[in-house]
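J.: Sequence:
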Amino acid sequence: MPELPEVETIARDIRPHLVGAVIRGVRVLKADILRGIGPRAFERSLAGCRIAAVSRRAKHVVIRLDDGRRVVIQPRMTGSLLVSEAPVTADRYVTIAVRLSTGRQLTYRDVRRLGAVHLLSAEAWTRYTARLGPEPLEAGFTAARLAAALAGGRLAVKKALMDQRRLAGVGNIYANEALWSAGIDPSRLARTVTTAEARRLHHELVGILRRSIRRRGTTVRDYRTGTGEAGAYQSRLNVYGRARRPCPRCGRRIVLTHAVDARATYFCPGCQR
DNA sequence: ACGAGGTCCTGCGAGC
DNA sequence: TGCTCGCAGGACCTCG
Numbered sequence: 022m023p024e025l026p027e028v029e030t031i032a033r034d035i036r037p038h039l040v041g042a043v044i045r046g047v048r049v050l051k052a053d054i055l056r057g058i059g060p061r062a063f064e065r066s067l068a069g070c071r072i073a074a075v076s077r078r079a080k081h082v083v084i085r086l087d088d089g090r091r092v093v094i095q096p097r098m099t100g101s102l103l104v105s106e107a108p109v110t111a112d113r114y115v116t117i118a119v120r121l122s123t124g125r126q127l128t129y130r131d132v133r134r135l136g137a138v139h140l141l142s143a144e145a146w147t148r149y150t151a152r153l154g155p156e157p158l159e160a161g162f163t164a165a166r167l168a169a170a171l172a173g174g175r176l177a178v179k180k181a182l183m184d185q186r187r188l189a190g191v192g193n194i195y196a197n198e199a200l201w202s203a204g205i206d207p208s209r210l211a212r213t214v215t216t217a218e219a220r221r222l223h224h225e226l227v228g229i230l231r232r233s234i235r236r237r238g239t240t241v242r243d244y245r246t247g248t249g250e251a252g253a254y255q256s257r258l259n260v261y262g263r264a265r266r267p268c269p270r271c272g273r274r275i276v277l278t279h280a281v282d283a284r285a286t287y288f289c290p291g292c293q294r
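Per my numbering, the very first residue in the first sequence carries number 22; after that it's consecutive.
I should point out that these hints are in silico values taken from the structure, not numbers from a laboratory.
For clarity, every value in this text was computed on a predicted model and none was experimentally measured.
Be aware that one or more of the hints could be misleading.
[To be verified] When the alpha-carbon atoms are kept at most 20 Å apart in a straight line, the in silico SDA-like pairs for lysine to any residue are as follows: (1) Lys51 - Gln126; (2) Lys51 - Glu64; (3) Lys51 - Tyr114; (4) Lys180 - Ala160; (5) Lys180 - Leu210; (6) Lys51 - His139; (7) Lys180 - Arg166; (8) Lys180 - Val276; (9) Lys180 - Thr278; (10) Lys51 - Val115; (11) Lys180 - His279; (12) Lys51 - Ala62; (13) Lys51 - Ser66; (14) Lys180 - Thr215; (15) Lys180 - His224; (16) Lys51 - Arg133; (17) Lys180 - Tyr114; (18) Lys180 - Val227; (19) Lys180 - Met98; (20) Lys180 - Arg152.
[Stated by the list, open to error] Beta-carbon label-pair distances, calculated as ranges: (21) Arg284 - Val109: 26 to 34 Å; (22) Thr150 - Ala62: 16 to 24 Å; (23) Glu106 - Glu144: 31 to 39 Å; (24) Gly46 - Arg270: 48 to 56 Å.
Where a beta carbon is used, it is the ideal one built from N, C-alpha and C, also for glycine.
Sequences are here, hints too, so could you generate the full structure?
T.: Given below as structure tokens:
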């Protein structure tokens, strides 16, 4: 389940192998992950293009080409990007295989194929990214901006944190962890979060995302870095996946519910208010 | 306008 | 032991 730290790790891993390289050949093996373009058109329009930059936006890896177009990869649940020396075509879950001028291969693998790959013009990318909320790790993202993202509507604070239009890059794992760290009950309405709580939540969320990047993300099951390894932040999780185990802060048993948005929500009834 | 709920996809583990 | 079923969840879609 690649969220911001995982996608950031992937982008950092593959960037040095991609920037400056020319795409020699593309093979789409599972066409249903492509959005808005057919497999043959995708293959043809990428051949011969030079890669100018690799970045992350929300939970997307963005590969910018010399001509301004972007290949936007959204791994969602089980997608992974890997740069390797040799082709990995024997793997039945490979959806796209890219041959680079350096001799290396870029592979997009996705077991459940819930992921999505777009090829966007510069203008289409501008429209795409405009629909996403602020980046939590950018300098301009203050506690006040978080408070603004939580204001309005009557949705639960956890759902608001995960709403990509309000805030970019936070998914289920880090929403659970940040709310635990800030001592906020995930089912509370977002608009009831006070200024002081928003300040605390901002501090905890930013810290958790940064520390997770330092540990190359959280591998619960499927996530792999851009070099094919597991992340290491799972050992630092305080509530996610820890139902019925003692809360590290107050010792009460951690509760798993599906009351918020029918998603797995882990929280401590003792110290999250 | 906004929010709730269904849908996609496959592997895995619980339970019978 | 082998099968079925529900769950994992991000983001889009439809409906109210």
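J.: Give a verdict on every hint.
T.: A quick look at each hint next to the structure:
1. Lys51 - Gln126: holds (17 Å)
2. Lys51 - Glu64: holds (12 Å)
3. Lys51 - Tyr114: Holds: lysine 51 and tyrosine 114 sit about 8 Å apart, inside 20 Å.
4. Lys180 - Ala160: Judged against 20 Å, a Cα distance of about 24 Å means the pair is violated.
5. Lys180 - Leu210: holds (9 Å)
6. Lys51 - His139: It holds: about 14 Å lies between the C-alpha atoms, which stays within 20 Å.
7. Lys180 - Arg166: holds (17 Å)
8. Lys180 - Val276: holds (18 Å)
9. Lys180 - Thr278: Holds, at about 14 Å.
10. Lys51 - Val115: Holds, because 8 Å separates the two Cα atoms, which is no more than 20 Å.
11. Lys180 - His279: Given that 20 Å is the threshold and the Cα spacing comes to 12 Å, the pair holds.
12. Lys51 - Ala62: The hint holds at about 14 Å.
13. Lys51 - Ser66: holds (17 Å)
14. Lys180 - Thr215: holds (17 Å)
15. Lys180 - His224: holds (19 Å)
16. Lys51 - Arg133: The given pair, whose Cα atoms are some 11 Å apart, holds under the 20 Å limit.
17. Lys180 - Tyr114: Violated, because 31 Å separates the two Cα atoms, which is more than 20 Å.
18. Lys180 - Val227: The hint holds at about 18 Å.
19. Lys180 - Met98: Answer holds: lysine 180 to methionine 98 is near 17 Å, not above 20 Å.
20. Lys180 - Arg152: Distance of about 17 Å is within 20 Å: holds.
21. Arg284 - Val109: 26 to 34 Å: holds (32 Å)
22. Thr150 - Ala62: 16 to 24 Å: holds (23 Å)
23. Glu106 - Glu144: 31 to 39 Å: Once the Cβ atoms are compared, 36 Å apart, the range 31 to 39 Å for glutamate 144 and glutamate 106 holds.
24. Gly46 - Arg270: 48 to 56 Å: Since the Cβ atoms of glycine 46 and arginine 270 sit about 53 Å apart, the hinted range of 48 to 56 Å holds.
Figure legend: structure checked against the earlier numbered hints; hints not met, in rising order: 4 and 17.
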